[in-house]
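Residue numbers (our numbering), protein chains in the order written: chain A, -3 to 109; chain B, -8 to 107.
Hint data in this document are derived by calculation from the structure and do not stem from the laboratory. A couple of the hints might just be wrong.
Across the chosen pairs, the derived CB separations fall in these ranges [what the hints assert, rightly or not]:
{"hint": "1", "chain 1": "B", "residue 1": "S53", "chain 2": "A", "residue 2": "Q52", "range": "25 to 31 Å"}
{"hint": "2", "chain 1": "B", "residue 1": "L46", "chain 2": "A", "residue 2": "A(-3)", "range": "16 to 22 Å"}
{"hint": "3", "chain 1": "A", "residue 1": "A68", "chain 2": "B", "residue 2": "S49", "range": "26 to 32 Å"}
{"hint": "4", "chain 1": "B", "residue 1": "P61", "chain 2": "A", "residue 2": "A(-3)", "range": "30 to 36 Å"}
{"hint": "5", "chain 1": "A", "residue 1": "T1", "chain 2": "B", "residue 2": "E74", "range": "24 to 30 Å"}
{"hint": "6", "chain 1": "A", "residue 1": "A68", "chain 2": "B", "residue 2": "R50", "range": "27 to 33 Å"}
{"hint": "7", "chain 1": "A", "residue 1": "Q65", "chain 2": "B", "residue 2": "A44", "range": "36 to 42 Å"}
Treat the numbers as computed from the prediction; the structure is a model and nothing was measured. Ideal placement from N, C-alpha and C gives every residue a C-beta, glycine not left out.
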Amino acid sequence: AQTVTQSQPEMSVQEAETVTLSCTYDTSESDYYLFWYKQPPSRQMILVIRQEAYKQQNATENRFSVNFQKAAKSFSLKISDSQLGDAAMYFCALQGGSEKLVFGKGTKLTVNP
Amino acid sequence: DTGVSQDPRHKITKRGQNVTFRCDPISEHNRLYWYRQTLGQGPEFLTYFQNEAQLEKSRLLSDRFSAERPKGSFSTLEIQRTEQGDSAMYLCASSSGSSGSTYEQYFGPGTRLTVT
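So that you can see chain A by itself, here it is in the shape it has in the complex (with noise of 0.2 Å):
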């Protein structure tokens, strides 16, 4: 079974500053993917960064890049110069082996002016 852990409830960070959100996974797929998608209140889902796993090399989406360290199955977020607009739900999820998407519980991150 796949499974992905985000072991921070809620985050917080101050306008311009720079947060890491963290995410945890499990797979015995050797190609899988892996992403990060922003839920902003009462609005839609979209994705935010993502990484595939036989690339070494960390994903970078302008203010937004990876942490990708494979061999400790482990996948950060790091946003950089927050801005109020950031403030959502962060969900981490895992593609692999099959079509679906298996997510986390999420990351509350507040940005505060």
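Given the structure of chain A, go ahead and fit chain B onto it with the hints provided.
Okay, now just chain B, sitting in the frame of chain A:
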């Protein structure tokens, strides 16, 4: 491109009633997914279609649940004899691509079901 749409956005029903939700994917997407999200949890996979074929079903999808995608375009999810435990947000997502490849899943706004 208007994105993934779902209808209705909210549904309140009494226990024992049947409900049906509709999902319209992004027009060129051949893959369609249903997930369920309860309060404080991440989405859980229910089922997946490639075109009109239902290729994978979760054990969460009991025999009271049925999903269809008759013409490979929109999809419906029906819950028969609803129970209070069915109260959740039902999310639909779609993606493009061929078998064996991974493409971004675009999510709809969801249908929030409340069973009283």
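Report the numbers of all earlier hints that the structure fails to satisfy, in ascending order. Of the numbered hints, just 1 does not hold.
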